[in-house]
Amino acid sequence: MKPLHANNKENIEPLEQTNPVPRVVVGLVLGLALWSAGYIFTQRPDGVASLGDGRDPETLVKADVVASKDTANGMQLFTANCQACHQANGQGLSGVFPPLAGSEWVLGDEKVLSQILLHGLSGKVEVLGKTYQGSMPAFGSQLSDSEMAAVLTHVRSQWGNKAQPIAAEVVATGRAASATRSAPWTGTDEIKTFIDFLPGSPAP
Amino acid sequence: MENSLKLIAGSMVTLSFATCALVALPFLQLKDVPAPEALKPYSPGQARGRNAYIANGCIACHTQQPSTTGAGIADAQRGWGRASVAADYHYDSPPLLGTMRTGPDLFNIGERQPSEDWHLGHLYQPRLYVPGSVMPGFPYLFEIKNKAETTKGDRVVSLPEGAIPDGKVVVAGEEALNLVAYLTGMKHNYPVLTPEEAKLAALRKARVPTND
Amino acid sequence: MNPTSLLLATFILSIAGLFVFIWSLRKGLFDVETSGSKVIFTPDDIGHYHDPAADPHEIDTLNIQTGRRNISHSDIANRPHDHSSTLPCFVLFGSAVFWLVFASLAGLVSSYKLHNPDFLTHSLALTFGVMRTIHLNLVAYGWAPLGVLGLAMWMLPRLLRAPLVGGRFAIAGAVIWNIALIAGIAAIANGKNAGMEWLEIPWQVGVLFALGGMMIGLSMVFTLFTHKVHHLYVSVWYIGAALFWFPVLYIVAKMPGVHFGIEQATTNWWFAHNVLGLFYTPLSIAAVYYFLPKVIGRPVHSYNLSLLGFWTLAFFYGQVGAHHLIGGPVPEWLLTLSIVQSMMMLIPVVAFSLNQHLTLKGHFQALKHSPTLRFIVFGAMMYTLASVQGSFEALRSFNAVTHFTHFTVAHAHLGMYGFVSMVIFGGIYFVLPQILKFSWPYPKLISWHFWLVVAGFSVYMISLMTAGVLQGLALQDASKPFMDSVTVTLPWLKGRSLGGSLMVAGHLVFAFHFASMVVFALSTKPFQKLSLTTEG
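Protein chains in written order, with the numbering used here: chain D, 1 to 204; chain G, 205 to 416; chain E, 417 to 952.
Careful, some of the hints might be misleading.
Stated by the list, open to error - Below, simulated DSBU-like cross-link-like pairs (lysine-lysine); rule was C-alpha separation at most 35 angstroms, straight line:
| id | chain 1 | residue 1 | chain 2 | residue 2 |
| --- | --- | --- | --- | --- |
| 1 | E | K608 | G | K351 |
| 2 | D | K130 | G | K372 |
| 3 | G | K210 | E | K644 |
| 4 | D | K130 | E | K896 |
| 5 | E | K896 | D | K111 |
| 6 | G | K356 | E | K608 |
| 7 | G | K391 | D | K111 |
| 8 | D | K62 | G | K235 |
| 9 | G | K372 | D | K124 |
| 10 | E | K896 | G | K403 |
| 11 | G | K351 | D | K192 |
| 12 | G | K403 | G | K391 |
| 13 | G | K391 | G | K356 |
| 14 | G | K403 | D | K62 |
| 15 | E | K860 | E | K777 |
| 16 | E | K896 | G | K409 |
| 17 | D | K111 | D | K124 |
| 18 | G | K391 | E | K608 |
| 19 | E | K608 | E | K910 |
| 20 | G | K372 | G | K349 |
| 21 | D | K124 | D | K162 |
| 22 | D | K130 | D | K162 |
| 23 | D | K130 | G | K391 |
| 24 | G | K409 | D | K62 |
| 25 | D | K192 | G | K391 |
| 26 | G | K210 | E | K443 |
| 27 | G | K244 | G | K356 |
Unchecked claim - Here are a few chain D residues that face chain G, going by a calculated C-beta distance under 8 angstroms:
| id | residue |
| --- | --- |
| 28 | D46 |
| 29 | G47 |
| 30 | A49 |
| 31 | G52 |
| 32 | D53 |
| 33 | R55 |
| 34 | P57 |
| 35 | V61 |
| 36 | K62 |
| 37 | Q76 |
| 38 | L93 |
| 39 | V96 |
| 40 | Q133 |
Simulated from the structure, these hints should not be mistaken for lab results. We treat Cβ as the ideally placed atom computed from N, Cα and C, and that holds for glycine.
Next up, chain D with everything else stripped away, as it sits in the complex:
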């Protein structure tokens, strides 16, 4: 707590000597310039500017979100599209999202199950004795028949579920039959009625 040291003798303001640039720095400059020219040459950044960095034009043609359509992987599709609500253990979230493990809808009629996935479901649905006020979104527009078949087969074989695989043809038939529908099903009864009146179904 005192005024600045009375004997505050400063150095003069800084100056520069004129030593040459060390050889190692000259070498670094040359080396980096060469490396850079080589890098540009080998990278060949000739891609179309509006497509972005390192884009493979092939991947920009396909319309699907999932990388490999041909080898639809049920588990991967489940993780990407279903897990957030129905959870990794298939138990859902009590009171909001119904469980898939042991669910009568998952293990039951494959036609009804495909319709739920194709168009979604809003309204009441009863699962394992509990009623859910559902608003399951439709996946018909973003998943192909084989992808739907793969993910449905996956959920029918997990968490103790043991039901027959679902073939892509079943989904395709369901999609064709309900092609005019744009709104979600308003309840499971509506799906059942719809399926019962499909041509080829046994009369109710």
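Based on these hints, arrange chains G and E on the given structure of chain D.
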């Protein structure tokens, strides 16, 4: 150096090089890129939701750029969508590319998570839906009401059992609904090239002389 | 011509032009003997150790031990123009320290929220995304610019031997700048956010920044053009250029209604990287070039290295910004260019570091006794580290892991904290005693400040870089669920909060010391007297 004018002039020249490369040339190269046909402009609600996305600083943790680098390659394998292109951001001013993936990329979140219920509940309290999530809840976008007091227009959020006391409900505010409209509208799965265009672009990349 | 040939040709031509230009400004580049340089330095120019922040007895003892004469340069003759910058500098430093406290608290809260997400969630202003933005803007528009501008404003009159022109305008400018910052933070806290990183403050408030900044900057620019010295010292180059670079960056980036789509993203990173590279960095380098030789009383090792460092920084730094968008929807040639120029940045960094090292060589013992030197040298070392790290981070192989992770945040702190903030600390420790004509009241607190922030910063960096690498590796593995990339970082994010707390504690010590010094100085010497010295 003795001359201050030379100093300033020289430094402005170096900056102009940078400005050409990062501002002027991208401007010229991209200004005429049309919007993809399949990409729809934002609805008024979605546009307000986009503002909410900005206002709440979502960009601090989420990117909107499926990329072709490390994590981006894995994301594509996870089924989170093709790499984005300049035209995808046609209606975005500014584009919300982001640089952090503390949370997942959201460019196709509407594709892989179309459920409005999920989004609303997840915004209210993320840990009810994703155990271990470090995303904050946004309770100020919602209103807690007595069950009896809800009116017809209220969007009641269905939450897992035990999330709130009996007799109470969580009602989504307008901003929350807009934000969810924006998020569920984030779908960029349409093709951006026809097979012919892709072939041309690939040829160009491979340095094969083309006619253009 | 395809993009590759165009890019290659432009690169080679511009580099050749750059080096011819540097060549034209060199001096005695061929003199392998340094004897030529000695002619212009009288033996008296080789000074003694001096630091107004140091314990005078310690420094005297060191001078005697090392056999250096305590040469009595007539200090008044040496710095006749100090009084012209006294009050503007004081206002700039005072506001910088004020914002530092709030900036670091906002940073700490954000850090804590990342591992305790349910902490303070009941309003928009307190949510993570907003809090983090406030932290960034308080540093980027509060602490850092006001601190480095204060140092620049104090150095300029001394280096140019000319009084500061229009000190009163500079003070008014600083006031406007502070008002703009308050308005900008209030806007962000109320959800009025422009949406681009580092440019979140709405352009309507940006006009105020432009006005205030111009008043501060023009005062220095006019001083620059009235210089009375024949040779401009290297610090002046950096200050002069930065004063012109920043307004161009800010005004072009904020221009409403011009930018669109992805071009806006490249402009965003052109700005955000250059505000560090062409504003905070050059002003901090200017401070290192000033204070390091000043404290040890030695001339800088090589003018030619300074020259090489300055012009290569000026040229390469501006073009590296796009490396923030590697793999993104931006033109491929632009990313290749940014990657190349990021590597070329090694040239100015090595030139600067080598120049400082060769100047300091043989004088490392002064680090023990001079607080200013300790902060400045630590800062200079972190600059080297941050820049080398940044160059390699731009390489695609390295970037594939670190991109989109906490590593980027760690890297930003290595630059903005390890380098810029430490240099401002060191500079303020040197300058404030000269401004207030008063010694630091509690020298022990300077040591506390230094060791708290160095310890905190080390914990911070190690934790966050580890978190970033682990997160990056988890993100790269498509077989792992996304949540793995979150859980793996949690212990390290807690470590970051711990390091951050120590840094905040250091800042509180610093702010307390700063405030008590002001109180003591003003109670001995009334404010009236201090402000009168701006006349002239």
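For each hint, the structure was consulted:
Among the hinted pairs, K608/E with K351/G is consistent with the structure: their alpha-carbon atoms are about 34 angstroms apart, no more than 35 angstroms. Between K130/D and K372/G, the direct Cα distance comes to roughly 20 angstroms. Compliance with the 35 angstroms bound is thereby established for this hinted pair. The straight-line distance between the Cα atoms of K210/G and K644/E is roughly 17 angstroms, inside the 35 angstroms bound, and the hint therefore holds. For the hint linking K130/D to K896/E, the alpha-carbon distance of about 33 angstroms falls within 35 angstroms, and the restraint holds.
For the proposed pair K896/E and K111/D, the alpha carbon gap of about 33 angstroms is at most 35 angstroms, so the pair holds. Restraint check: the Cα-Cα separation between K356/G and K608/E comes to about 32 angstroms, which is no more than 35 angstroms; the hinted pair holds. Straight-line distance between C-alpha atoms of K391/G and K111/D comes to about 28 angstroms, which keeps the hinted pair within the 35 angstroms bound. Among the hinted pairs, K62/D with K235/G is consistent with the structure: their alpha-carbon atoms are about 25 angstroms apart, no more than 35 angstroms.
Annotation: proposed proximity of K372/G to K124/D holds, straight-line Cα distance about 21 angstroms (limit 35 angstroms). Using a Cα cut-off of 35 angstroms, the hinted pair K896/E and K403/G holds, with the two alpha carbons roughly 34 angstroms apart. A threshold of 35 angstroms between alpha carbons decides the hint, and for K351/G with K192/D the separation of about 33 angstroms falls inside it, so the pair holds. Restraint check for K403/G and K391/G: satisfied, since their Cα atoms lie roughly 25 angstroms apart, inside the 35 angstroms limit.
Distance hint between K391/G and K356/G is fulfilled; the C-alpha atoms sit about 31 angstroms from each other, no more than 35 angstroms. Restraint check for K403/G and K62/D: the C-alpha separation of about 13 angstroms stays at or below 35 angstroms, so the hint holds. For the suggested pair K860/E and K777/E, the alpha carbons sit about 27 angstroms apart, so the restraint of at most 35 angstroms is met. Under the criterion of a C-alpha separation no larger than 35 angstroms, the hint pairing K896/E with K409/G is consistent with the structure, at around 33 angstroms.
Taking the CA atoms of K111/D and K124/D, the gap is about 19 angstroms. The hint holds against a cut of 35 angstroms. The hinted pair formed by K391/G and K608/E meets the criterion: a straight-line CA distance of about 26 angstroms does not exceed 35 angstroms. Between K608/E and K910/E the CA atoms are separated by roughly 31 angstroms; this keeps the pair inside 35 angstroms, and the hint holds. Annotation: proposed proximity of K372/G to K349/G holds, straight-line Cα distance about 6 angstroms (limit 35 angstroms).
Between the alpha carbons of K124/D and K162/D the distance comes to roughly 26 angstroms, so the proposed pair stays at or under 35 angstroms and holds. Distance restraint check for K130/D and K162/D: the Cα-Cα separation of roughly 21 angstroms lies within the 35 angstroms cut-off, and the hinted pair is therefore satisfied. Between K130/D and K391/G, the direct Cα distance comes to roughly 33 angstroms. Compliance with the 35 angstroms bound is thereby established for this hinted pair. A distance of roughly 19 angstroms separates the Cα atoms of K409/G and K62/D; the hinted pair therefore holds under the 35 angstroms criterion.
For the proposed pair K192/D and K391/G, the alpha carbon gap of about 31 angstroms is at most 35 angstroms, so the pair holds. Pair hint K210/G plus K443/E holds up; C-alpha atoms about 16 angstroms apart against a cutoff of 35 angstroms. With a CA separation close to 31 angstroms, the supplied pair K244/G and K356/G stays within the 35 angstroms bound. Given the 8 angstroms rule on beta carbons, the hint for D46/D holds: about 6 angstroms separates it from the nearest Cβ of chain G.
A hinted interface residue such as G47/D counts as satisfied when its beta carbon comes closer than 8 angstroms to some beta carbon of chain G; here the least separation is about 5 angstroms, so the hint holds. At its closest, the beta carbon of A49/D sits 5 angstroms from a beta carbon of chain G; the interface hint therefore holds under the 8 angstroms criterion. Proximity of G52/D to chain G holds as hinted, the smallest CB-CB distance being about 5 angstroms (cut-off 8 angstroms). Interface hint at D53/D: satisfied, since its Cβ lies 6 angstroms from the closest Cβ of chain G, which is below the 8 angstroms cut-off.
The criterion of a C-beta within 8 angstroms of any C-beta in chain G is met by R55/D, whose closest approach is roughly 6 angstroms, and the hint holds. Given the 8 angstroms rule on beta carbons, the hint for P57/D holds: about 4 angstroms separates it from the nearest Cβ of chain G. Because the closest C-beta pair between V61/D and chain G is about 5 angstroms apart, less than 8 angstroms, the hint holds. For K62/D, the shortest C-beta to C-beta distance to chain G is roughly 6 angstroms, which falls under 8 angstroms, so the interface hint holds.
Annotation: Q76/D was flagged as interfacial toward chain G, and the flag holds, the nearest CB pair being 6 angstroms apart, inside 8 angstroms. Taking 8 angstroms as the C-beta cut-off, the interface hint given for L93/D holds, the closest approach to chain G being about 4 angstroms. Satisfaction of the interface hint for V96/D is found here, the shortest Cβ-Cβ separation to chain G being roughly 5 angstroms, below the 8 angstroms cut-off. Taking 8 angstroms as the C-beta cut-off, the interface hint given for Q133/D holds, the closest approach to chain G being about 6 angstroms.
Hint compliance for this structure: every hint is met.
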